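2 protein chains.
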Amino acid sequence: MRTSIATVCLSGTLEEKMQACARAGFDGIEIFEQDLIVSPRSPAEIRRMAAELGLSLDLYQPFRDFEGVSEELLEENLYRAEEKFRLMASLGMDLMLVCSNVATATIDDDDLAASQLRRLGDLAARYGVRIAYEALAWGTFVNDFEHAMRIVDMTAHPNIGTCLDSFHILSRGWDPAGIEKIPAEKIFFVQLADAPEISMDILSWSRHYRVFPGEGAWELDRFMGHLVRSGYNGPVSLEIFNDVFRQADEERTAVDAMRSLIWLAERTSVHLQETDPGATYPMRLATLPEVAEPTGFNFAEVKAKDSAQVQALLRQLGFAFRGRHRTKDVQLWVQGQARIVINEQQARGMEPTISALGFDVEDPLAAASRALQLKAVQVPRQSQANEEVLQAVKAPDSTEVFLCQATPDGTAAWTDEFATASPASAGDDLITRIDHVNLAQPWQHFDESVLFYESTLALAPRPSTEVPSPVGLVRSQVMRTEHGGVRLALNIAPLVMEQPGPSAASAYPQHIALACTDVVTLARRAVEAGLEFLKIPANYYADLQARFRLDPELLAALQELNLLYDRDDQGEFIHFYTATVGRLFFEVVERRDRYEGYGAPNAPVRLAAQYRLTKDG
Amino acid sequence: MRTSIATVCLSGTLEEKMQACARAGFDGIEIFEQDLIVSPRSPAEIRRMAAELGLSLDLYQPFRDFEGVSEELLEENLYRAEEKFRLMASLGMDLMLVCSNVATATIDDDDLAASQLRRLGDLAARYGVRIAYEALAWGTFVNDFEHAMRIVDMTAHPNIGTCLDSFHILSRGWDPAGIEKIPAEKIFFVQLADAPEISMDILSWSRHYRVFPGEGAWELDRFMGHLVRSGYNGPVSLEIFNDVFRQADEERTAVDAMRSLIWLAERTSVHLQETDPGATYPMRLATLPEVAEPTGFNFAEVKAKDSAQVQALLRQLGFAFRGRHRTKDVQLWVQGQARIVINEQQARGMEPTISALGFDVEDPLAAASRALQLKAVQVPRQSQANEEVLQAVKAPDSTEVFLCQATPDGTAAWTDEFATASPASAGDDLITRIDHVNLAQPWQHFDESVLFYESTLALAPRPSTEVPSPVGLVRSQVMRTEHGGVRLALNIAPLVMEQPGPSAASAYPQHIALACTDVVTLARRAVEAGLEFLKIPANYYADLQARFRLDPELLAALQELNLLYDRDDQGEFIHFYTATVGRLFFEVVERRDRYEGYGAPNAPVRLAAQYRLTKDG
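Respectively, the protein sequence lines represent chains Y and G. Sequential numbering of the first sequence, starting at 42, is according to the working numbering. Sequential numbering of the second sequence, starting at 42, is according to the working numbering.
Pulled out of the complex, with its shape left as it was, chain Y reads as follows (with noise of 0.2 Å):
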């Protein structure tokens, strides 16, 4: 499959915009016009710079209002064009997109239409140039690509093609099959756009929120399955208008698209062996190493300067210190399943934060293998010759993640490099495992890290929620698996908590919740152990009774504790959270029967303390 990008994809200069292109390993590109018009490299600077970086010049993009006009218009945009088709010859350009028209068509008439592209066709050719008509999704006559396709059929010109564009296609809720129904040959462009499920007007719905394949809603394999079919081997290019892209560093956006491709050719020839078991076609498409997904978390690390109050609160909620690394100046802390590694390595002046995880995965290596060649970035290790080899890259927050053996017991190898400390807990082990983790992504990287977590672990994205603070609203996004091993929640702060000044409002704290059999047993040790609790509010507990009737005893026991509480058709969820350190804090939960949330109606009420801290603090 040949990649191509639009440079309106990214940020930064044209050169900047090529260059990132690039490096990210695309093999062509389309010159949006308004990125060569601001630019003061020439066409042919701009040729000769993409023939050393090994970039094709797919596609001249967009040429506006062409058909449906008037004679007289139609001369202007004849003149038009004809600039247009000169430039593309300075540039070694042979295809121009031409969309259908939005702002001066007068005439619906197909029979004009096509014999105005006729037209345009007779002219492109004396340029060895080429047309890709694409229906826009508000075009004024012409919003559909199988209306579009019968036009340029009806030119019956070789120098008139179409270009399909999946966002014009989808959000339409046009029917993709009937790509199969076209000629392979008169296919001279296909773009790609995912979106977010948005009931908003088209052409904002288009120019803002468009997203790379794999971080919207669609299921692009099946539309590129109907591409396939219809014998279609040319460039698959991403056209991806996108607020947020457009001010995120290009370098990153390119790797983020090139991973999208690479994701979607994988899902696609594994939609196409699922429908069509043993065909072949014209387009070859790259598989990676298939991976299941993961079965749980092997360890959270937390890394710190000073990480004597991280200890205290592991001591306080039943953790045993397992152990000093052999070599390392690391620490673990084990408690069930659950295995929190300390690192005060390489942590000048860092306050605790969640630097890295483990997934317990079939096949690390495969994992592994499956996670660069989705262009994520190896985190380098230095092994001794006698301690377990780990497989690691780095997320797009930065965060580590480590692709550890899963074993049938929940044990890991790696642990044995840890000298054996004398037992400290109280031995029951009421904490089992780590049951989610809560990490803060910085606006500009969340759709990446969608991405990222969905193709190289598996994670699945579900619907994401609003939680509103006393500073604006939190964004959070799950991640998990089918069946519930793996669970993160991916959150973005309000703006507010990531800019320095005299706010008061604090950068915003990450968490590792820790899944335990009796919350209330563990909450009156943890109490008798000193923990600081995060302080429950009096009116919460009486919100809660007027929602839930509970149990007197129970809803005492709650208060009594700062414990919180949730219900619903599948059971409950009983929970609390410690007071934060640094960046971190720790949630304690216990699930009874089948309740699947994470206790989101309360989440205001810990945002709300926790803001109060930072004021009072």
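Since the hints were derived computationally from the structure, they do not count as laboratory data. Quantities reported herein were computed from a predicted structural model and do not represent experimental measurements. Each statement offered as a hint is correct.
Since the list gives no way to pick one copy over another, a pair counts as held whenever it fits inside one copy or between any two copies.
With a cut-off of at most 30 Å between alpha-carbon atoms, the simulated DSBU-like pairs for lysine-lysine come out as follows: (1) K576 with K125; (2) K346 with K369; (3) K656 with K435.
Fit chain G to the known structure of chain Y by using the hints.
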């Protein structure tokens, strides 16, 4: 008119919100339940605090999903309601909002809904509570205020009335004229929100994009007219769910909110005078000193620690150094009626930036009085006995707004305070006046700025636009007078431009655009005088030629002089930009015929060229 506001409009803790509302002058507040639940203050403490602040507690809200349910669920809902009535008793509150059912309604039967609400009314009466039943725009069976009112009528219960919310009425396109038919004593409460015209699902629109009256697109003076004619005389409250207000400083937001109600009361009063002259109503509406829109810019002030570069720019543009102020370290530069004041006072560490704007108004004292009544903050001015007393207030972005005496010949009396220097200009004043000014706005204060300029200076917002820059979209909102004497462009830069850090993007610059009668001649003179122009790429001129088929001589002149060009049905626009000095640059514009725009198609070219300079520099 009694003023009230829902606590959900503001950021912070409940105490912070209440203090901000009291300081801004609100009569009362709505307690948004969530704010109480997350607060460690007891209901009795909140009640005491409100009394001390002089705030009435007007409405407890929301109580959801009550009516249209099975008998079993009704019992639960009555239990839940009684708990809340008890809570309201502790708060000393007597009015509760009940929203039409969106989640649990299963029976579409007005008789049933009315009988269930009647039972709620009986229960409420025992606690001295009244129920304001409101139709949510997305209510399952009840989503129209007239439908809700029919059900209220059917209850025939003294403790059951309605709550009207402009959002739920206008977002659905219901005709608010029906309000006049509702008996005033059955309107228990009124909530106001404005909103921008966005085409999206109503729930998202409502939860994220509401704005204060005057900051959106709706004719709330007409809405209020219907309300006043109904005979209603209770609180008029603001209930605004807005992602930005949630993050902004609560004191500022509360002032912004109060300004919107003061302004709306005046607009309503004017509207009623026009439609029913002489009529009187129970609700009394305070009016403000009426002011005509300003006729022009009196001056613009640039503040800088070191203004040498600004002075050089002005000289190169043909400005004359008019003199130094008799008592202050302030210079005056003049060309035609364009006056630029350069202020080096109290400018430690400041790069050149626009610090003040003077507006020509008919009656400066009345205009200042109006602004102060609209909660604008006065700028403290120290004037000597023999100096002009100038009225000035601070705009939300901290720009000082001077209200200056308009004169028939466009002169300004305060210029006499400047010693006259020898003339130094070319002498024929190709620049005649300030055409427009472009001010960068912090994203938190954008809506506040729009309302400020609309309410205090009678500038009207035009449809906003978005301009792509290499690091994101710039949102631009023009505010102008009908006759174009004053035009202000309020721009929000992409977030990355505001964030400190390793990003190469500098702070978004502001600019002063100067109207010119012959921009080609002026540009030639400026070249000779050594002015540094913003360089426009050759590719731009090739595109200009394709789009406009310009006269070759004109095109050559444009390209030689780095001039930009635009044309529409009304006329032509030729302009150029100077290099940026600090946070400021100048633009010189020539409007031919009746061109009313700002060369928007050229803005991306400017932003890209400026971006390159920040990268190179």
